[in-house]
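Got chain A; can you put chain B on it based on the hints?
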Amino acid sequence: MRRLAAVELRRLRARRLTVIGLLGILVGLAFMGYGMWDQARPLTASQRQAATAAYNQARQDWLAHGDQMRADCLAGQADARKTDPKADFGCDTMEPRLENYGKPRPRLHDLVPGGLEGAAYLVAFVAFVVGAGFTGAEVASGALGTWLTFEPRRLRVLGSKLVAVVSGSAVTGAVAAGLVLTTWWLLVQHYNPAAHTPGGLWSTLAGQAGRAVALTAAAGLAGAALSLLLRHTAAALGVVIGYLVVVEGLLANRFSSLKPWLLQTNVLGWLRHGTSYGLDVCTVAPDGSYGCQTVQRAISFGHSSLVLALVLAAALALTVVVFRRRDVA
Amino acid sequence: MAWTQAELAISTRGLRKTYRTRKGRRVAVEGLDLDVPVGGVHGFLGPNGSGKTTSIRMLLGLVRADAGSMTVFGHPVPERLPEVIGRVGAIVEQPKFFPAFSGRRNLELLADAIGTPRAAVAEVLEETGLGERGNDRFRSYSLGMKQRLAVAATLLKKPDLLIFDEPTNGLDPAGIREIRDTMRGLGERGRTVLVSSHILAEVEQVADSVSIIGHGRLLASGPVAEVIGGQSAGVVRVGVDDRDLAHRVLLEGGLAVRPDGPDLLVEGLGDPAEVTRRLAHHGLFVNQLVTVGADLESVFLSLTSGEDLRAAGVAR
Chain A
1 MRRLAAVELR RLRARRLTVI GLLGILVGLA FMGYGMWDQA RPLTASQRQA ATAAYNQARQ
61 DWLAHGDQMR ADCLAGQADA RKTDPKADFG CDTMEPRLEN YGKPRPRLHD LVPGGLEGAA
121 YLVAFVAFVV GAGFTGAEVA SGALGTWLTF EPRRLRVLGS KLVAVVSGSA VTGAVAAGLV
181 LTTWWLLVQH YNPAAHTPGG LWSTLAGQAG RAVALTAAAG LAGAALSLLL RHTAAALGVV
241 IGYLVVVEGL LANRFSSLKP WLLQTNVLGW LRHGTSYGLD VCTVAPDGSY GCQTVQRAIS
301 FGHSSLVLAL VLAAALALTV VVFRRRDVA
Chain B
330 MAWTQAELAI STRGLRKTYR TRKGRRVAVE GLDLDVPVGG VHGFLGPNGS GKTTSIRMLL
390 GLVRADAGSM TVFGHPVPER LPEVIGRVGA IVEQPKFFPA FSGRRNLELL ADAIGTPRAA
450 VAEVLEETGL GERGNDRFRS YSLGMKQRLA VAATLLKKPD LLIFDEPTNG LDPAGIREIR
510 DTMRGLGERG RTVLVSSHIL AEVEQVADSV SIIGHGRLLA SGPVAEVIGG QSAGVVRVGV
570 DDRDLAHRVL LEGGLAVRPD GPDLLVEGLG DPAEVTRRLA HHGLFVNQLV TVGADLESVF
630 LSLTSGEDLR AAGVAR
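So the sequences go chain by chain: A and B. Throughout the first sequence, residue numbering follows our numbering, covering 1 to 329 in sequence. Throughout the second sequence, residue numbering follows our numbering, covering 330 to 645 in sequence.
It is possible that some hints are incorrect.
Computed footprint of chain A on chain B, listed as stretches where at least three residues anywhere in the stretch have a Cβ under 8 Å from a Cβ of chain A [what the hints assert, rightly or not]:
(1) 380 to 394
(2) 404 to 413
(3) 424 to 433
(4) 437 to 444
With the C-beta cut set under 8 Å, the calculated list includes, among others, these residues of chain A facing chain B [said to hold, decoys possible]:
(5) A14
(6) F150
(7) E151
(8) P152
I should point out that these hints are in silico values taken from the structure, not numbers from a laboratory. Note that beta-carbon positions come from the ideal geometry of N, C-alpha and C, so glycine has one too.
Chain A with its partners taken away, still in its complex shape:
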């Protein structure tokens, strides 16, 4: 199967959709890079001037009315503590400080996780489309039939296609994650070389990057499998878009109890190593009034991993069974 997988990988590389997808990723990453730079760079002279002017104004107000402002704050806090003993209005930190005006200096642990998450969604989306096109085009053109007259062992044929998509997607995901990490590191080195790097940050970031790569590979695999199952790229994309709109959009909005099982919740839980979601809880008070409030519920990393693994395994198993038995035109 290794030889077949190598051939499939060559075909994947030679496809126009793959090239377009890679270019799309590069353009997307370039936009993200611009955003990173914009976020990391210090304020311009005029922005700094405006921030200093705002600070001076606040400072003057504080000097003139600071005591009164602090007393009002403490009074309010004391009122609040009658019902909530832990209420903290931050009265001791009210005095304006220059560092709070303007822009904080960039730090890796503040910026990288969000950047990696954005890149993971972009690359996973492209991997899904490219994976779907890879197998869908073969079925639609009838070339699969020709292929099977050269290699009739269907499981080998299927396996080689999926291996090619998974390895291609994983390499692309790894390169994209590497680019994001390197770009942030260079920007932080340039604009805040003295930034403190917390212990274990690199292993945390490597873990997140690894999960992003795995997500990309899974997305490519899902695209290829779904396209084989439905026999057309457009059908695979249509089913996914339909699912996202109907189930993850309309139904999840109506039934918030579905949220722990949604793909978007669990993809987030996978990438962030756990996440939370808002659950609407509605009650009728003793006085008869009806009210709802949103309660945050945690989703563990294990839960997200299990849900995603089950969905992928089910799609794969169905594809294997159908591909083995189906008549090929």
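Just chain B now, kept in the frame of chain A:
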């Protein structure tokens, strides 16, 4: 004709395939027993929808048979198809390749998949006259070029058995002749060629033996001369001045007779003199009495006459 397994390139017994459609189940192949001897060109004939393509797809493992058994060079298929597929080259219906890739790249992928050296790609492209257009995209090829590329792909394996399904569909006369010469040449070099077609003249010119199917069943099989001879005994063309009276006289005499233009065709005759005797008895004298030599087309039409296969619900 009784063959031993070693003498057969292809053998099927009781092969059956049905398809589910909106209107219910449609029988495509109904208990087909087919023997294709090793070496030479074997025509696989049948009207559109008679089950030729489905049978070929089953042999190649593309379609699952509902019942029956098949062997290719003595290997039961599809179970042991991987062992024998390297000896089989096939073009099923239209040639199908990756349209955005060049002919050369398509062949390179196939060559790599079966571990054939890349040099073979250039060889088969030259052999099929595609050397200069090998780097053009497959989608830009004419139908004839696509067919030639498909032949080139089958030659990558240096196969002992070649299966061509309707190979001349859509080709111009030059292309048809080219394919015919290719098949003939392969047969003469000792390879087995199975060519399915509904164009009789095409097969008659190249085939050594034929199998004729209808409704997914075998109707006749054997060397071309035997099949023609077996179906055409005793057909006589009779020319007479009063055709209608002669027609009535012969019918009353219990002969199978039908008008054919200004003449009559009498079938199943042991002795043509019987016609002249009966007609002369009624004062009718023949001006023409010719034994009709059958061709494959007339045999085919006679075997499949009255069969509206599509109306009968036989799917292709």
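Now for the hints, and whether the structure bears them out:
no., hint, result
1, 380 to 394, "holds (count 6)"
2, 404 to 413, "holds (count 3)"
3, 424 to 433, "holds (count 7)"
4, 437 to 444, "holds (count 6)"
5, A14, "holds, 7 Å"
6, F150, "holds, 5 Å"
7, E151, "holds, 6 Å"
8, P152, "holds, 4 Å"
Of the numbered hints listed earlier, not one is contradicted by the structure.
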